[in-house]
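Asker: Residue strings, one per chain:
Protein chains: 2
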Amino acid sequence: MHRLEIVAAHVSVSPAASASSPLSDREVMEQLQHLMDADNHDNRQRIFRIARQHRDLFTPRFNVALAAHRELAYRRLKTLCEGGVVSVWDFIRNPANVFTVHEAVGILGDPGTATKLTVQFNLFGGTLLQLGTDKHHGIIPDVDTFDQVGCFALTELGFGNNAVEMQTTATYDPHTDEFIINCPTPLSQKYWITNGAQHAHWCVVFAQLIIPSLSSESQGVHPFLVRIRHNDRRVCEGVTIEDMGFKIGNNGVDNAKLHFQDVRIPREHLLDRVSTVHKGGKFESTVQGRRQRFVIQADQLLSGRLCIASMMLGQTKLALTIAVRYSQSRLCVGPTGKSDTAIAEYQLQQQALMPLVAATYALTFFMTECKHKYAQLNALRQDKAAPKDQIDALRYEVLLLCCAIKPMMSWHAERTASICRERCGGQGYLACNLFGEAITGAHAGITAEGDNRVLWQKVAKELLDGVQKGWKNRKGLADTGAGEGPVRVSRLLAKREVMKGRALGASMLKTGGNSGQIFEVWMRQEARLVQELAEAFAEKRCFEAFADVVFDTKMRKLQPVLLPLLDLYGHMLLHKDAAWLVANSLLTPQEVGELPPEQDRLITQTGQHMGEYIEGFNVPKDLLFAPIAGDWVNYNDPKRPMHGELTV
Amino acid sequence: MHRLEIVAAHVSVSPAASASSPLSDREVMEQLQHLMDADNHDNRQRIFRIARQHRDLFTPRFNVALAAHRELAYRRLKTLCEGGVVSVWDFIRNPANVFTVHEAVGILGDPGTATKLTVQFNLFGGTLLQLGTDKHHGIIPDVDTFDQVGCFALTELGFGNNAVEMQTTATYDPHTDEFIINCPTPLSQKYWITNGAQHAHWCVVFAQLIIPSLSSESQGVHPFLVRIRHNDRRVCEGVTIEDMGFKIGNNGVDNAKLHFQDVRIPREHLLDRVSTVHKGGKFESTVQGRRQRFVIQADQLLSGRLCIASMMLGQTKLALTIAVRYSQSRLCVGPTGKSDTAIAEYQLQQQALMPLVAATYALTFFMTECKHKYAQLNALRQDKAAPKDQIDALRYEVLLLCCAIKPMMSWHAERTASICRERCGGQGYLACNLFGEAITGAHAGITAEGDNRVLWQKVAKELLDGVQKGWKNRKGLADTGAGEGPVRVSRLLAKREVMKGRALGASMLKTGGNSGQIFEVWMRQEARLVQELAEAFAEKRCFEAFADVVFDTKMRKLQPVLLPLLDLYGHMLLHKDAAWLVANSLLTPQEVGELPPEQDRLITQTGQHMGEYIEGFNVPKDLLFAPIAGDWVNYNDPKRPMHGELTV
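Residue numbers (UniProt numbering), protein chains in the order written: chain A, 1 to 648; chain L, 1 to 648.
Incorrect hints may appear among the rest.
It does not matter which identical chain is meant; a pair holds if it fits inside one copy or across any two.
Listed below are the simulated SDA-like cross-link pairs for lysine to any residue, each with C-alpha atoms no more than 25 Å apart in a straight line [claimed, not checked]:
hint, residue 1, residue 2
1, K458, A352
2, K461, P335
3, K338, T511
4, K338, D637
5, K384, I296
6, K469, R291
7, K495, H575
8, K495, K576
9, K469, F519
10, K388, V295
Source of the hints: derived by calculation from the structure; they are not laboratory data.
Construct the complete structure from the given sequences, taking the supplied hints into account.
Answerer: Right, here's the structure in full:
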């Protein structure tokens, strides 16, 4: 088998000459890193320690056969699990850790490992924990160690964005007290099932629950725990598993199509937190209505979106770290025509990279807010005394946040990876420099756990519903002590959201609640506004999360470092939607004209400290496997002793 | 060896119900296809015929080992060459064909084959033809049949965008009447050399020409024909060839690092159209100055940019064809909640895809103009009677066009592939549906034959120089009989270019011609404006090329079909730069506000004929290897007889 092994270069890159910054103070840098790392700092470092201890295993490999690629991702995750870095119980004890682990694994640069992680712990383990009851929790210790591998079968070939219409059935048989699982059509095959093609023993199968004695109609989609492989990995009877084959990326993941034919499972394998089927066929549910039941059952997709966003954040920090370090060491034409000037000093390079850096800072703080809101919600749910309307309000906000940040973060990850690739030129095109996996990893994030555009439809819908219910999604910035500039940006962003929301609301009102008309207007007339409203919400919340940190009085030492980035981010947001803002009299043409030069000024100001801002991401230098992040000249020396590794 | 074979589905997709269009008239459609295919129609079809005759060979394969992947690309190109679809002599006899072949090979969906093609015929063959003299042309017949394979070694590890500073030397030895080729440092390795790692027998090596009896200084960069492999593929003495390894895409291409140590070649192997070294060391050159000599020697990069743009155009047409056909057959939630509505009918899908379709039409016509201008220039150069100032003026325009269209087209190809992938969801993520190769293929295009951003610096520089020399780059639209709307857009685009040009010119004037100051302003203060000026030029020319076709009186039947696309494209261009246009009083805020609804109207109008517009691309249905472009339900049927091919 041919392979290309990557050797980490341990040589540090000397930063471009630059004016001094508060970040050259070690203490300030450490404070920044601590802030950016958000929570579970020790555990994050533990993950990196494990990767160091198993350096060979975690070294990226390319041009490996599919089976070997999957074995690599499996072993990487198994090694992390054996290190005890995460548990399914964290959803109750320490939810933020679930997401932080995703980010740290994202930093390790293999989206395949991160994807297997998220299915095992969030979709499979999390569903077992939250939709199952005590009798289903027995295997959680083996899930934590990855000894029992699980998968999650919601999506069907024909039903991606309309899963409530799925066709797989679980029919109750009172004679044997079992459910019988069937996929009646090609369109009802379970599709894209991560961990399914090689490793999973268990599958949470979503199916239409049918109790013939009650009705031939479904009682709605419910989750069932189904064994699909024996412990020795033989596939169980009635289960057909087909490998999805080669993908544009993430080939460490063993995605499968699953097909069930008369697969019988004990009645107790219905995950029965929401609905119960009693012996003989009596049906009870705490939730009325098929669609509502589905929404509750698919709840784990919510935390799933935070998991995806977290791993996207990790891979974005990695990509930017690699690109900036190369930019600092790559010399090209200077004032005299000689190749003596680091490309990091070019305004072109700074204008490409610094906006991505600023957005990554903003999204880091937005991520922190989302994680903590999610954790708060989980804590509230454990609290028997918590008032229902408080839970409902928080659940509403968490729903909005999860559906807002995943699209924003995954698109940002795609743009970042793609632009970093481009700005590193040919070097960026070599697989060993890791932008390829970042681009295709981001693509997986864009349509995983809900197509980004569909999630933004959800955000817009929830915002309109929320207005009707009188929910406020956030207070605004004015009272946080923020400076005039950010307060103004925040006001503009809030106003934009309200105006776009009102415009969409007015269009929807005209439908008179007629469902055909609602479809017509929502899907065929106002698609642009629907997306814009969600974007306005997401960007406003992200900006405010960033501003909250910058103006936190405990952050005084960091303020001079963070404020120009916040300022830059605010200008970027306004500039991006300047056409709408000026057309709606929120900015004057003159103000619009002042945005680009002001951005340029901020980019030049922050760009000279590019390397220090990247250090804030705290990506361990010794785990930067990309040769261009280190001494790439030596790496390319034909006389270098370890040279043979490059040949394939 | 594991592999995934793709089976073409021959089943046609029924278009979404739609109002009738002039394009349902067979004759109109054929006229459109003929127009879009531009030139060399028979040869284009011959390429598709060869692919059909060698269907197995041209069927995309994934998860193949690197060596096998390269063998595939090699055999595909060899088969096309044996079919006689292109000759190096076409640069003189029929230049448009060189580019058309690139587009058609792009449509076949393997960027690796297209890349090997462009190096063999343009960079290697073309340089041999145009910089060599009769004595070098003997091997051209074997280059045409791909029996003798060539490569082109300009780029060095340390000198990508500053190749004039390269370090490889060719030193004349009067005792043996030979040149001695040397790479003195790791940075001077020839890097990224396509065809180098496995197949090339010959290499055009660019090196600093040193004639010790004249000077220890270089006489400038010159091209030398160097044998690097014997006919049996053994590597020649003194040549070290290292495989570049796995890349993020284009893995059918055998890229190499080449290192030369004391490699001796006959004096006659200097390609001596520009400079000659006589026996004993007398040096003559038709061009004065090192940098100017380099520019002339690297001339083949100009046509190379049209080659890259052409293959990008082909892959873009393919990606859109696949995405639209899937959109027409993929059913999702409809007015009643059932999955009964093709996603092509969603405004969301139309708003994602139709702007790409409109831009692809525009770029097709822009491409046609560029090809024909290039052909005109080559014809003029053959014509001994042609006046020098006419050649100079045309060369100036061709230079601008080549440096403008390659960036525009390759970025468009990247965005198209990426958005098509996203809008096809999970299906788009399967390698067999071909968006992965399209994304990474586009990335190769973005930095090949000149980094896009560097080329746009070149465009801006040439535009400023041209203004000083009094060159006009084009007449404008007003006198073409175009309607009021397009004339207005064209005027705005022309005005924008002039204003941005003036602003940049004014900044540069302030430098007083001081070279340090020029660098400071160009590279560190006005980088945004430099890029914007080039973009303004490129977009103006592209829009005008489109408008010229639409208002060509011979195109009357097509006008109702093309005009709304032109209109949409014009609105897109204005909207993209609305912030600048409104800040500079070229649009009022109200006019800016009218752009999005008007775009939406045009998208809805054209979107209902999405399928017909795609048919205009004339991508052969039986060569659409992506399963989702055909009957993907049957392809996924677990009971399908040929099912076994999917397993890996």
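Asker: Compare the structure with each hint and give your call.
Answerer: Results for each hint:
no., hint, verdict
1, K458 - A352, "between (32 Å within a copy, 18 Å between copies)"
2, K461 - P335, "between (55 Å within a copy, 16 Å between copies)"
3, K338 - T511, "between (67 Å within a copy, 20 Å between copies)"
4, K338 - D637, "within (22 Å within a copy, 62 Å between copies)"
5, K384 - I296, "within (19 Å within a copy, 80 Å between copies)"
6, K469 - R291, "within (20 Å within a copy, 71 Å between copies)"
7, K495 - H575, "both (16 Å within a copy, 22 Å between copies)"
8, K495 - K576, "both (16 Å within a copy, 23 Å between copies)"
9, K469 - F519, "within (22 Å within a copy, 59 Å between copies)"
10, K388 - V295, "within (18 Å within a copy, 74 Å between copies)"
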